Structures are given as C-alpha cells and as structure tokens.
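Participant: Take a look at the letters that make up each chain.
Number of protein chains: 2
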Amino acid sequence: MTIARRGRAQTGRMMAADSKKKKKPTRPKAEAPRGFRDSFAEECLARQAMLRKITETYRLYGFDPLETSAIEFVDALGKFLPDVDRPMGGIFGFQDEDEKWMALRYDLTAPLARVAAQYRQELPSPYRRYAVGPVWRNEKPGPGRYREFYQCDADTVGAPGAAADAEICGMLADALEAAGVQRGDYQIRINNRKVLNGVMEAIGLLNPEDPDGDATMVEQRMTVLRSIDKLDKFGPDGVRLLLGPGRKDESGDFTDGAGLSEEQIELIIGFVEAERDNGAATCARLKELVGASEAGRKGVEELEEIAALLEAGGVAADRAKIDPSVVRGLGYYTGPVFEAELTFEILDEKGRPRRFGSVAGGGRYDDLVKRFTGQAAPATGVSIGVDRLLAALAAKGAQDTDLARGPVVVLSLDKSAMTRPMAMVAELRAAGIRAEMYQGGGGNMGKQLKYADKRRAPAAIIEGSDEREAGVVQIKDLALGAQLAATIESNEEWKAQPAQFSAPRDQLVEAVHELLARAAARDAELK
Amino acid sequence: MTIARRGRAQTGRMMAADSKKKKKPTRPKAEAPRGFRDSFAEECLARQAMLRKITETYRLYGFDPLETSAIEFVDALGKFLPDVDRPMGGIFGFQDEDEKWMALRYDLTAPLARVAAQYRQELPSPYRRYAVGPVWRNEKPGPGRYREFYQCDADTVGAPGAAADAEICGMLADALEAAGVQRGDYQIRINNRKVLNGVMEAIGLLNPEDPDGDATMVEQRMTVLRSIDKLDKFGPDGVRLLLGPGRKDESGDFTDGAGLSEEQIELIIGFVEAERDNGAATCARLKELVGASEAGRKGVEELEEIAALLEAGGVAADRAKIDPSVVRGLGYYTGPVFEAELTFEILDEKGRPRRFGSVAGGGRYDDLVKRFTGQAAPATGVSIGVDRLLAALAAKGAQDTDLARGPVVVLSLDKSAMTRPMAMVAELRAAGIRAEMYQGGGGNMGKQLKYADKRRAPAAIIEGSDEREAGVVQIKDLALGAQLAATIESNEEWKAQPAQFSAPRDQLVEAVHELLARAAARDAELK
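One line per chain: the protein sequences are R and V, in this order. Note that this note's numbering numbers the first sequence so that position 334 is 334, with each residue one more than the last. Numbering-wise, this note's numbering comes out as the position in the second sequence, counting from 1, plus 1000.
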C-alpha cells in the first residue's frame, strides 16, 4: 500500500483498525518505562531557552553545530561505560537485520570521535563542534537518576595547544553567564592530569619512562584518586587516613587505606592544597612538588600558559582559576581538566544548606580519534550538565517567570456562533498575543473559566449575547483576580476591584495589550 | 568507583585505558549504520531556525511543548507500522532487565496518546501540545529514506468540534509562512473521512447502520482508496479504469480493477471532482452526492463549519480550502483530513519540472487515547515533514545565506605570543562578532589562511611582528577576495583591490564591523 506511507498519522491510525480485529484487547498501561520521564511546558521552555543561550555562546566562539544519529554501531561506541563489565551493559543495544549490533549513544563524545575519523578529509582542522541532545544509559534508575538525559558539549578536535583548553574554559564561563548564572555564583577550576602523573612518579606509583603505557599499579593509582576525591567530604585528615592506614567512619565501618608512607601522603596532600593567591604562585608551588618529573613540569607549563591566556582573554581568576584540588576526571583525561562548580548554597532535601556543586566538566583527551584511524588527534572539550544547571537556576529562582504564563483564553459560549471567538483569537495573534479559543465543545462559563485558570491564562475574554448586542467584550484579569482572591476578604472589596472590565469589541487588542502590560508591571514589582 | 560517574568524558575516556589492555585491537570502522546520517553546521542551523519559527507559531496559538522519552513500552506504542506484519517489525526494540519489551518511538502521536491517558487528571482539557524530535523506523533504508528523521507535530486532545480542526489548518498556514514559504506557494486542502464514508455507503461498500464497525469489504474499500490516490498520476480516466475493469500501463503491465459498476464509478469520480469555486459551493455539490447518507451529511456539515471558521479567522481559500480530491490519510482518520502541498515547481533529478508536493498532513482521530483508558478522547492534529520542508526551502533558494558564513579567523603566527590573538578574539566576541583564533598549533600563514577559507570566514586578521611593532593589524576580506579571484585576471588589477587592508590595532573591532557591513551589502545586492 502506498497511500500516505511516511506520515505520522498513518501509523497511529492503523492501530485502531487493528484493534478492531481482536476481541477485547487487554489495555496497555499508560506509563513510560522506569527511568524515563516526560517534560511539560515550563520545563521544556526553560531548557530550550537555556540551550539556545549556551549554543549561541558556542557559536560566538566559532563552534559549529553537529547532529549525529542516536544510533551507532556498537564497536564504534567503544567499550561502553565504566562500572559495567558485562558486554552490552550500560547501553541499549539491538541487532540489525544483517546481525550487526547497534546501540543508542551513551554520550556525545563517542559519536564525535566517529565523525572526526569518518570525515577527516572534509572537515576543517581544527574542527570545532557543539552538540546538544539526549543520551541513553541502560542503568538502574533512581531518584533524580534517569536513563535518558540531555548533554550539551563543545569540543575542538585537532588543536594541540593550551590555547584551545584556555578557550574552552573562557567559553564555559561565558556560557554559564549566558544561561543565567551570575558572575560570582560559579567557579571554573582547572587542573592537569600531567601534574598528577608527576606526583605519581614522585611517589613511585608511575613509571616516568613510560607514564602513558604503565599498566602496573593501576589499582593503587585509582585508590589514590578515589581518596583525594573525598577531600570535600572528609577534609585533609580524612584523606590522609584513606591514603595511609585506612579510615573508620562514624558508623564504625572501616575503609581500607592505600597504605602509603607518610612522605608519599604529604606529597599528595601538598599537591591538592597547592593553590595560592594567583595562578603564577600556584604554578610555582606545583613546580616545587613535581619539578623532578618531566611530565609534571610539562603539566605545570600548560597550566601557566592557560592562566596567561585566560587573563589575555579577559577571564579573571574569579571566573576560572588553577586549582590542583580538582581530581574529577583526572583518571580519564590526558592533560588539562576543567570543572565548573556553582558556589551558591541551596537547601537539600532535609532543609540544610549545601553548595550546589558541579554543573560542567571537561578536559583534554588526545586519543579521541585514534581508535578508528590509528593516528592520534588532539582534542579538548567540555560538557554542560543541562538538567543539573536547570535545577540550579530553578533553585536560585533565576528562571523566567513568564514561561509559566498561558495564552489569553477566549471563551466560546455559543456553539452556533463559533466564528466570533475565532475572529477574536485571530486578531490577538496577529498582534503577537498568544491566544486560544476554548475548544472543549460547549461547557458553561464556570467550566471554561476553570480551564483558563488551569492554563494559567493572564486573561479570559467573554462575549455573551448581551455583550454582543452592546458591541463590547468582558475582559477578566485572571492574574489580578488570583492575587486579589488571596488578599481580599469581603465581597464588597471584591466587587470594587477592577479584575473584570468591559471594552468595546473593536478595541479588544488594545485592551488586552494594556492588561498584559499591567500584569508585567505587577510581576516586576513583586520581584 | 564514584569519581566523575555521570560525566560525558569519563565514558569515552575509559576506552583508552581499556584498549591498552588488548594487544593490537581491530579498529572499528568509522561509519554510521545504514539509514542514519550526520548533519553539519548549515543543515543544523537551517533546521533549528525553521523549527524555532514553526514552534513559535504553535505557541502563539496556545500550544505547549511536550517532550517525552525516546523509549516507550512496546505495548504502549501499539501495533507498529503499516506494511509490516511481523512482531517488532518496523521498530527498534529491546528487552529491559525485567524482560519487558521497550522500543524507540516511531512517531510522536503514540507517545502523546500515552501521555494524554497517563496525565488525564492533571492536564487541562482540551490539551494542546506540540512536539519536535526524531522518530525511528526500522525499515529498509534507501535514497532519501532514513531510519531516523524529525517530526514536528501539534495536536489538540479533548476538542470535539470542527473549530479545533479549523484552527489546526489556520495554524498550519501560519507555520508554513513563518518557516519561509510565501503565500501562494502552498495550498492546504481539507477533506473529510465521513464524506468518503457517505460515498462508500452510497455505492454499497459500507454498512450505513454501523460504518465504524463494518469489517466487511475492507479490501474493496482499500482498493477504491488506492485507485483514487492515483488521480494525480493517471487522471480521471485512468482512475475510472482502476475502479472498473483494470488498467494496462505503457509497459503492458496490467493492474486488476475494483470491478465497480459504471454508476458506482461515476459517484466516486463525482466526489473527487466535487470542488467548486468556493467552500459553500463545494459543500453544496457534496451534499448532492452523499445527502442520503447520515455520515456523509454530517461530514459535509463539518466541512461547511470549517470553511466558515477559517474565513472568520482570516484564512482565505488561497491558503486553505475544501478539496474532496485529497485522499491521503482518509483510510486512517475518523473525520476531517488536511494536507499541505507546496505548489511551486522544482526540477527533479532528471531536470524535469515537477510540483514539490506534500509537506504536512493531519486530521481528526477520535480514538487516540481509547486504547489506554477505554474512553474515547477526540483529537485532531498535524505533522510537518521537517526534512521535506527544509529541502523545499533549499530548492527554492529561500534559506538564509548567512548560515553558511563562518567566524572571523584571527591567525596565530607566533607560538610565543598566543595571548595577542586571544585578546583579539575576546574583543571581537564582546562586540558580538563570531570569532576564533587559529588553534592548529603553528602552521605558516598559507596554511592558516587555507583553514580560514575552509571555514568560510568573512575575514582573517593577521598580526606579524612588523604589524605588531607598528601597532596595526592586517585584515583580509576573504569574501571579497574570493569574488575578485573569480573575476580579475591580471596581477595589477588584483593588487589595486582593497581585499586586504591594515587598521590600527585599537580599531580592530570597528574595522571588522565595517567589513562585515560591506559584505552584507554586497550579498544583498547579489540577491
């Protein structure tokens, strides 16, 4: 059958025909699978507005959008997620007709690697791209933990120098501000895997002759990383215990330590506490610690260069700074590592104030494309945690309140005269005012006004037969009405308030414009 | 391990560590699976701009965005696609850990049905929503036929009246114009399944007592539909043959006919050719044909109402009109059916002019939510074929040429003075000018300028040591340079042209602003 093969409707429509064939089909349950969720108007609009501002910043920096398919060959995705050992674990996979395994992407980096390899002849080099979209992880869902979520990445492939890293950091700062985070409410912290490698070399946990290839003592290095990641939680003394003999927590549970010597431990603690008043001083301190290691020295030089470039680009230390206590991602990246933290406090689920924490991270990863081509391609980039950033802005009350406001609702009280509200909404829309007529098919005025309230309509327009004869419309200021209902106690007061007024039919648009302007002024006052 | 559990980078990063364990891993091929594709800058930007304009129109009409997950339970999706009989055919499915089958959505309507059922207590009724996003079909890919493509839908659930259908048609007209289709270049055509049912009843192919439940003669009705769908291709006489004895094509192949009588055939042809000068006259003619059928009469009344409402909403017949020759979707929808066709001609792959054709379709489908709840919920909506519409606008040359333009490229010739270009790009960006510094890590001027060309940069900024001492920068107008290269023949002429000039370093931003204004003026002239 060739009729309307590709449309949307045809598919849904077939279902009805089919269901008629069966007798009493069991009804499917109306729910999304666990770990998946639906976003409604306000959330969608807030996310779209935020993503638009972030991607406009990326564009301003010369990054181009790239959209890849949601589905990739499994072998192009690589060996999936950390934590997960079983094949296909952590991803959603399926076999194609030719038996090849495909899967939904679990991040935006693996598809970039595939594209950078596939189109390496055609793409400019360096290739700067940004990407926005959902990724999927077949993991156990939990509170606030979904199996589908948005990422918003920017990466430069083919740029070997620290200037590319510095630019990503500066761009991240601008993007956060564009998204609505005030300067002073965030801090970008920059560290370098190579400096950590220098520390590992200095304490004898990494072979200085072949730091990249050293496959021994991997576990010990991971234990060190895990321990210093607990700095925020347990403080330097707690980390000392984790690096040394082990630590007992309040409940009496004991965590085995890394068994390092006093000297080894102090070098590590010295590294994470190396931050000084400014980038140059911090780098000088780091050089004292790792100067003996070639990797370490190289890492410090990169940090020095990044600090100088950020300054030249007008990004001061209150926005982005060198901070050796950043350890997140140090196990994965090959050079500089960045993290953006929101520094303001929010209340946690128990009402206690806590720092909001990390909303973006990234770093340099020079083996990105190598898996495909065998040739190293230097790359550096950042990923913004869209949902976390949205939650932060919502918690800070920094979201646009206008997003929640519905359209003006024109009541349709007379089923035999539907052309009249139809003409009114057309006039309002032509003037740029969001408007809809009530489409519920009849229903008395109370029901239609209730609908308008549920829609959070700023106003309802009513034209009964009396109004029609008199050539006027009734305009109900629903936002004001709600405000008054919350404050006014007597019926007399209520009646004296101008939450409903009439206007000549031919001045509908002007009257609604004025009402919306008053509402906006009230909103501004309340802020 | 808890470090950086959720970030993007960590996942890709693990791959490197893992690949080190194996000896000589086989390299994956850098390609997307068949039927999937990548969109680069210009296409992404054009699509985003178009979707933004369309969804702004939807918003103006009071529709709210809804984003559902890409993955649904298989039984919530219904019985998949037409044409496909095998279970799981046509979709991408996989089992969850608890063995439940899930699948990627194949349209945006099935998820809407699930949401409308799941949240029916919370959502306003009627519920107006729009949705934009990819859908997936596990079908055999072919030229221009992908297994992932965008849809952009708007639907009203819970609105029983023709006013909702009329509004969808008016909104579709506005959305097409917002997307860049000129008035006169499109035509929305409206028909009604019920009128077709009236015709089927009149010729004895449908039981008037139970038109919705009549499961007999389904094949004959489909044959009739298929035949009249060929009207464009074979004309009325060809359709007469298909409805009657059958038709032999030029190659001698014979298509079996429906075997209808002369009288039956003339009634059908009368139906598809019922269009008259205006909606009222068309409806009057339709009444003559199907007036004896209750369903038919009801259908004509709905069309009359839609025509009157469109007129009241300021949508004239040159934008949307009643046209009984529309048969697409008539087999699926339960009431009014809409189709938007682009009427301008484009050249096909063989250089022959042809009408661009359909870019959007929709209709009323009153059984949308019933599968879940057992209760009918009237629904009507439209889906715009995003990729087809984009292709149409590109063919028409109606796309924004600015989308292809790259950022200003600031060369970085001196690796020991990278802070200087860094400061320049920061100044340009602060002035709202897209700019990037060359990040390729050295490279002589020729290589860097070649990169700027590949980026389609409007200008390149050069500061060598001479310029630096003199306090100036060289600015190359690359767009003008390319234009000149195409027209100038002698070296002397070339040198006389102002495609490169110098400006004081502290007037960089002004100079680039002026260059961009000149480029825009040249572009406008060329149009």
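Please note that the accuracy of each hint is not assured.
What the hints assert, rightly or not - To give a feel for the contact side, a few chain V residues facing chain R, derived at Cβ under 10 Å: (1) Asp1038; (2) Glu1043; (3) Tyr1061; (4) Gly1158; (5) Glu1311; (6) Val1409; (7) Leu1413; (8) Val1425; (9) Gly1440; (10) Leu1484; (11) Phe1501.
Note that these hints are calculated values from the structure, not bench results. No experiment lies behind these values; they were computed from the predicted model shown. Don't be surprised by glycine CBs; every beta carbon is placed ideally from N, CA and C.
Participant: Compare the structure with each hint and give your call.
Facilitator: Hint check:
1. Asp1038: Holds, about 5 Å.
2. Glu1043: This hint holds: V/Glu1043 lies near chain R, its Cβ roughly 8 Å from the closest one there, short of 10 Å.
3. Tyr1061: This hint holds: V/Tyr1061 lies near chain R, its Cβ roughly 6 Å from the closest one there, short of 10 Å.
4. Gly1158: For V/Gly1158, the interface hint holds, since the closest Cβ of chain R sits about 7 Å away, which is under 10 Å.
5. Glu1311: V/Glu1311 check passes; min Cβ-Cβ to chain R is 8 Å, inside 10 Å.
6. Val1409: holds, 8 Å
7. Leu1413: Check failed: Cβ of V/Leu1413 comes no nearer than 13 Å to chain R, outside 10 Å.
8. Val1425: The hint holds - V/Val1425 has a Cβ within 10 Å of chain R, the shortest such distance being about 7 Å.
9. Gly1440: holds, 6 Å
10. Leu1484: violated, 23 Å
11. Phe1501: violated, 23 Å
Hints 7, 10, 11 from the list above are not met by this structure, while the remaining hints are.
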